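Engineer: Build the complex from these two chains, which are given one at a time in their own frames, with help from the hints.
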Amino acid sequence: MTDLTTSPAGAVTTVERGRFDADEHGWFGEPGLFGGRFMPEALVAALDELTEAWQDAMADPTFVGEFDQVLREYAGLPSPLFHARRLSDMVGCRVLLKREDLNHTGAHKIRNVIGQALLTKRMGKKRVIAETGAGQHGVASATAAAYFGLDCTVYMGAVDTRRQALNVARMQLLGATVVPVESGSATLKDAINEALRDWVASVDHTAYLFGTAAGPHPFPSMVRDFVRGTGDEARAQCLEQYGVLPDAIGACVGGGSNAIGLFTAFLDDPEVEVYGFEAAGDGVDTPRHAATIHAGESGVLHGARTYVLQDEDGQTKESHSISAGLDYPGVGPQHAQLAHSGRATYVPVTDAEAMEAFALLARTEGIIPAIESAHAIAGGLRVAERLAAEKGPDATILLNLSGRGDKDMGTAIEYFGLGEADGRQPQPQGAAAQGVQA
Amino acid sequence: MSVAEAFEKARSEGRAVLVGYLPAGFPDVEGGIDALLTMVEAGCDVIEVGVPYTDPVMDGPTIQAAAQQALDRGFRIADVFRTVEAVAATGTPTVVMTYWNPVERYGVDRFAQDLAAAGGAGLITPDLTPDYAPEWIGAADKRDLDKIFLVAPSSTDARIASTVAASRGFVYATAVMGVTGARASTSDLAGPLVERTKRAASAHDLPVGVGLGVSNGEQAAEVASYADAVIVGSAFVRALLEHPEDREAGLAALRSLTEDLAQGVRRRA
Numbered sequence: 001m002t003d004l005t006t007s008p009a010g011a012v013t014t015v016e017r018g019r020f021d022a023d024e025h026g027w028f029g030e031p032g033l034f035g036g037r038f039m040p041e042a043l044v045a046a047l048d049e050l051t052e053a054w055q056d057a058m059a060d061p062t063f064v065g066e067f068d069q070v071l072r073e074y075a076g077l078p079s080p081l082f083h084a085r086r087l088s089d090m091v092g093c094r095v096l097l098k099r100e101d102l103n104h105t106g107a108h109k110i111r112n113v114i115g116q117a118l119l120t121k122r123m124g125k126k127r128v129i130a131e132t133g134a135g136q137h138g139v140a141s142a143t144a145a146a147y148f149g150l151d152c153t154v155y156m157g158a159v160d161t162r163r164q165a166l167n168v169a170r171m172q173l174l175g176a177t178v179v180p181v182e183s184g185s186a187t188l189k190d191a192i193n194e195a196l197r198d199w200v201a202s203v204d205h206t207a208y209l210f211g212t213a214a215g216p217h218p219f220p221s222m223v224r225d226f227v228r229g230t231g232d233e234a235r236a237q238c239l240e241q242y243g244v245l246p247d248a249i250g251a252c253v254g255g256g257s258n259a260i261g262l263f264t265a266f267l268d269d270p271e272v273e274v275y276g277f278e279a280a281g282d283g284v285d286t287p288r289h290a291a292t293i294h295a296g297e298s299g300v301l302h303g304a305r306t307y308v309l310q311d312e313d314g315q316t317k318e319s320h321s322i323s324a325g326l327d328y329p330g331v332g333p334q335h336a337q338l339a340h341s342g343r344a345t346y347v348p349v350t351d352a353e354a355m356e357a358f359a360l361l362a363r364t365e366g367i368i369p370a371i372e373s374a375h376a377i378a379g380g381l382r383v384a385e386r387l388a389a390e391k392g393p394d395a396t397i398l399l400n401l402s403g404r405g406d407k408d409m410g411t412a413i414e415y416f417g418l419g420e421a422d423g424r425q426p427q428p429q430g431a432a433a434q435g436v437q438a
Numbered sequence: 001m002s003v004a005e006a007f008e009k010a011r012s013e014g015r016a017v018l019v020g021y022l023p024a025g026f027p028d029v030e031g032g033i034d035a036l037l038t039m040v041e042a043g044c045d046v047i048e049v050g051v052p053y054t055d056p057v058m059d060g061p062t063i064q065a066a067a068q069q070a071l072d073r074g075f076r077i078a079d080v081f082r083t084v085e086a087v088a089a090t091g092t093p094t095v096v097m098t099y100w101n102p103v104e105r106y107g108v109d110r111f112a113q114d115l116a117a118a119g120g121a122g123l124i125t126p127d128l129t130p131d132y133a134p135e136w137i138g139a140a141d142k143r144d145l146d147k148i149f150l151v152a153p154s155s156t157d158a159r160i161a162s163t164v165a166a167s168r169g170f171v172y173a174t175a176v177m178g179v180t181g182a183r184a185s186t187s188d189l190a191g192p193l194v195e196r197t198k199r200a201a202s203a204h205d206l207p208v209g210v211g212l213g214v215s216n217g218e219q220a221a222e223v224a225s226y227a228d229a230v231i232v233g234s235a236f237v238r239a240l241l242e243h244p245e246d247r248e249a250g251l252a253a254l255r256s257l258t259e260d261l262a263q264g265v266r267r268r269a
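Line by line, the protein sequences give chains R and V.
Read in the UniProt record's numbering, the first sequence has 146 at position 146, and its numbers run on one by one without any break.
Read in the UniProt record's numbering, the second sequence has 211 at position 211, and its numbers run on one by one without any break.
Among these hints, one or two may not hold up.
Restraint-style ranges between C-beta atoms, simulated for each label pair [unchecked claim]:
| # | chain 1 | residue 1 | chain 2 | residue 2 | range |
| --- | --- | --- | --- | --- | --- |
| 1 | R | 179 | V | 185 | 17 to 27 angstroms |
| 2 | R | 48 | V | 61 | 26 to 36 angstroms |
| 3 | V | 65 | R | 205 | 25 to 35 angstroms |
| 4 | R | 242 | V | 157 | 56 to 66 angstroms |
| 5 | V | 113 | R | 179 | 35 to 45 angstroms |
| 6 | R | 179 | V | 138 | 40 to 50 angstroms |
| 7 | R | 52 | V | 72 | 39 to 49 angstroms |
Example chain R residues on the side facing chain V (calculated, C-beta under 10 angstroms, incomplete) [stated by the list, open to error]:
| # | residue |
| --- | --- |
| 8 | 43 |
| 9 | 185 |
| 10 | 202 |
| 11 | 302 |
Calculated directly from the structure, the hints in this document are not laboratory data.
No experiment lies behind these values; they were computed from the predicted model shown.
We put the CB at the ideal spot given by N, CA and C, even for glycine.
The following block holds chain V by itself, in its conformation from the complex (with noise of 0.2 angstroms):
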């Protein structure tokens, strides 16, 4: 299935996608698959895969603390393709999301086509705007890879619609000013800032997800509300961050989260 597909198909059961991530490699590369492959069971539509990086400035401590965790146990480049392989295979969309310095290393018609050849979907560049693009833009569509760029609640009109212009799968809004984490209350940034990117979306029938910390539920059931996919992360990390010693404990953790969050998207509250 397309990420295309997965929105599609969400948007005829009258509900929104739930996008869950972790970082390839946490708490290794083994029990990061067995990890999404669980999300996967319990009702993510979307599985994102996190590539850990030395420095990542967009990351709160949950997500730096898995991806230092990962790099410590001596995480490869090859492992993300290892993992999107091991979850695309169940037929769920499966994109990476990744800064850029290691895809600009590996070769970025290199890093696209073994992305591809692993059954990946596309890649989210949270530090790579379109208007830096040009040579992943190319790489992208030759491979016929979708490009998920990100607005924020700081982009003008005229950045947000060359922002959607430029994607495809779907429109990444990253709804809070600040580094990624779960909140406890969600955003009064997120409402404008989906209407504002939907504006633009619509002529090119692009859907927007939204990512703003969410942590349970209720939240999720709020962003579905206005958003077309609500994207998680923190939350997943910070369920096997809180079961370091029990794989088991740690799996069943984000099992019933991604039932919670799955109920959620389905509530529209």
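So that you can see chain R by itself, here it is in the shape it has in the complex (with noise of 0.2 angstroms):
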């Protein structure tokens, strides 16, 4: 059961600062550690003025209403909080699922595009372009932009472009044009370079819908803002459905916009233990990974300082992850800050956990994850079972399901070697494992 006067737009009506939020230069915690705005002077002027327009807008019952309007009528939130119970009965406690992947694009993302196109509108802009990895939040920017009725633009990464075929089309379909950004090493990163070039010579016109809770003030907190109802839906769903908060939360932690949505409306809550899940692609201990808070070091990259994978020159690095929407070698600069502070606890989780994790989701509850989403059930799974020893089967966790995993079919086919209907089946490996199938 959803709880229906849960706002899907959250409590963003809130303006008075709270501890976990930015200063107004945009640190998070100490001023100078993590955040702040590493940004062209050309650009400055409209983050400022994007700055203002953010909190007038969030001040303004009108445009908070409109938002929760859209969000609910047009993008079907609030999203239900699933008790999955075969998981459950696996891991010995309660694991409770928000189903994020049941939003409108297939993920929390729309959220973000929704609040920063209403924005858009309010600001009187007329164009918007967005970067994309796998193409989630290409998909959705274009969504937004169709719904609205604004030129949409999407830098995506060369090497994406081909991984993500898919997802270019669809994009293509809903009037964005998609532009293949061949630059660096092709991918995510990239992708937000190019969009940034476009934007330095198109502020006047055009807003820039970032992808993630990451980049320059205000972005990290704008986003988080945006993305937020996905902790205070489920938080409230939670209580009305079981009596209890959570013991702990996860979610996977690329960027970290679905994140830093579930978490905000539970760090007041001193009881509620935090994980984020990174992808540690074949291991931290290898050079093809994106766990960026676990292996990164402190630096500058896309506007904010937060840690960054980077070689000794202050070079960035590239990552790797099999999921896309994960393989970035920065990190949003609010979860360095929790990191940091210890607020909230930062944990590598490899391709292969996270493969095993999207089998084990799709066999023992019938949902094929997103693979970033993945993450946050492997690790989540280890933390369940945790929690399960100390405190035995009352104890709950509630992770993010973030997205659907349509669009990693394709990795699927190939990881599993999928789609030749010759009686095999993908086989989840581990102890966990026998006791679903037992």
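Structural biologist: Structural data, given as structure tokens:
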């Protein structure tokens, strides 16, 4: 049951600064450590204008009401909180999944783009640009642009346009222009670079719909405000449906928007453990991973001071993850601060662990998750086993199922050798899986 | 010679300063030094040595390609100091232009120290504005280095004033809204921006340099009519990129381009 009194727009009318909010310069926690705005002067006026428009909008009941209405009627929110019973039986305590995979366009990202597109209209701009990795933010941006009647250009690494041809087609069908980016490593970080280059030249009539809670101030805070409905809904749903707060919550972290969307509502609940699951690729002891908080060091990337995968000269290293959406060598600065302060714990999850969880969730609950979200399932089940051992069957973990896996079927076909009706099935490995099959 | 002295000299000669840019390590470290020395000989008054970086969000395709080539050939930060040292030894003021993360990673004070030790005159920081630069400002002041910050057509008068107040050496006016790259025509945004910047800069006696994709003497003369310095980057890079297999031809192209530009800043069309 979903509490229909919960606002999908969340508690966004709060304008007072809480202890987890950034200051007026964009610093999270101690000034100078994480966040800020390391940007060309040419973009500062636009970022100031955006900051003012966002803060003004958040305090305007008309804007918040329209945001809420569009999320409800168009995007299908609030999303349900689902008790995954077979997974719960398997690990020995209650596993709840926030079903953001059921949202329009298939992920939490619709919340962010509806918020930013609504703000674009309010600011009187007619064109939006976006970067995309796997294509989910690009599809969401193209969708919002179609809905609001805005011109839309999406920058996507040339490597990713080939990996995610289906999403390129979706964006094109929705009326967006998709520009393949050949520079650098031709992946997400280069798509961001190219979008910023466009924005420097087009800023007077164009809004940059940034796809995650990273980048220069105000993006980390603004995106957080637009996606925090995930956690606001989940917290209210958990209390209503189970009468308790969860013992732990968890989400995957690339740039970190779905995670900050879930975490925000719970940060002031000290009894709730908070986990972010980073993509460990082939393993954090190999060069092929995207575990930025675990293995990165403080630096400046795409406008914010945060943890960055970089070499000793400060050159950005190429990241790797089987999930394109987590394949980013930076992370949102608020996550860096939450890790630094100890309020949240960030744990690496390998490609293999994520793919095991991907197959497991499909077979135990009938849900094919995005591979990104499968990282949260894999890491979350490890936490759940510990909670069950410590607190027994009444322990509760709430995980963000941030997106659905249709887009990942190409990867799954290749990884598991699927698609030929030869009687084979993907076999989840490991002790946990044995319990399910029993 | 300091940057300020180079501007003083040009002013006394009734002309603008020619600032020439190349990224370090392009086409390789020694080749880059040769190229910069050629530019000095042929008439550049101030040299900007760029630091190749993996994520150059302010650069267009020409400079991106050069920086990528330098990185692919194993460019290291130490190569910047080597390059600066070789160029500064000619007596020509030499500044470094860099995205911020390589400096931060190297250590801000350590970078300032090594830059000063190499004879470098200062730093141009395209993605670091004075309001986020307290550490760099402190280190620069300690080492007597120039802090060259940027203003843009979109900058408010208040931001221009605070940027000018924080700068030393000169103020860098990016006179087009867009990335670096040679342009066929000069921007009509440049004049008004320089005028606004000069108004703020006059109290500090700070010169204003303009970068907007100048690629020939005629454009240089036009910009020199209202700016204290004409900054040229992509056109130099392109001269080298067009002769990938023939170093001598590349240097010859660089020399004739520099001479054309140097005549331009003396013409003040």
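Engineer: Are the hints correct? Go through all of them and say.
Structural biologist: Results of checking the hints against the structure:
Against the hinted window of 17 to 27 angstroms, the Cβ-Cβ separation of residue 179 of chain R and residue 185 of chain V comes to about 25 angstroms, which satisfies the hint. Checked against the hint of 26 to 36 angstroms, the C-beta distance between residue 48 of chain R and residue 61 of chain V comes to roughly 29 angstroms, which is consistent with it. Between residue 65 of chain V and residue 205 of chain R the CB atoms are about 29 angstroms apart, so this pair conforms to the stated range of 25 to 35 angstroms. Range check, residue 242 of chain R to residue 157 of chain V: about 57 angstroms between beta-carbon atoms, so the 56 to 66 angstroms window is met.
One distance hint, 35 to 45 angstroms for the beta-carbon pair residue 113 of chain V and residue 179 of chain R, holds here, with the actual separation near 42 angstroms. For residue 179 of chain R paired with residue 138 of chain V, a C-beta distance near 41 angstroms keeps the hint of 40 to 50 angstroms intact. A hinted range of 39 to 49 angstroms for the beta carbons of residue 52 of chain R and residue 72 of chain V is consistent with their spacing of about 42 angstroms. The interface hint given for residue 43 of chain R is met, as the beta carbon of that residue sits about 8 angstroms from the closest beta carbon of chain V, less than 10 angstroms.
With a cut of 10 angstroms, the hint placing residue 185 of chain R at the interface with chain V holds, because the nearest CB-to-CB distance is about 8 angstroms. Proximity of residue 202 of chain R to chain V holds as hinted, the smallest CB-CB distance being about 8 angstroms (cut-off 10 angstroms). For residue 302 of chain R, the shortest C-beta to C-beta distance to chain V is roughly 7 angstroms, which falls under 10 angstroms, so the interface hint holds.
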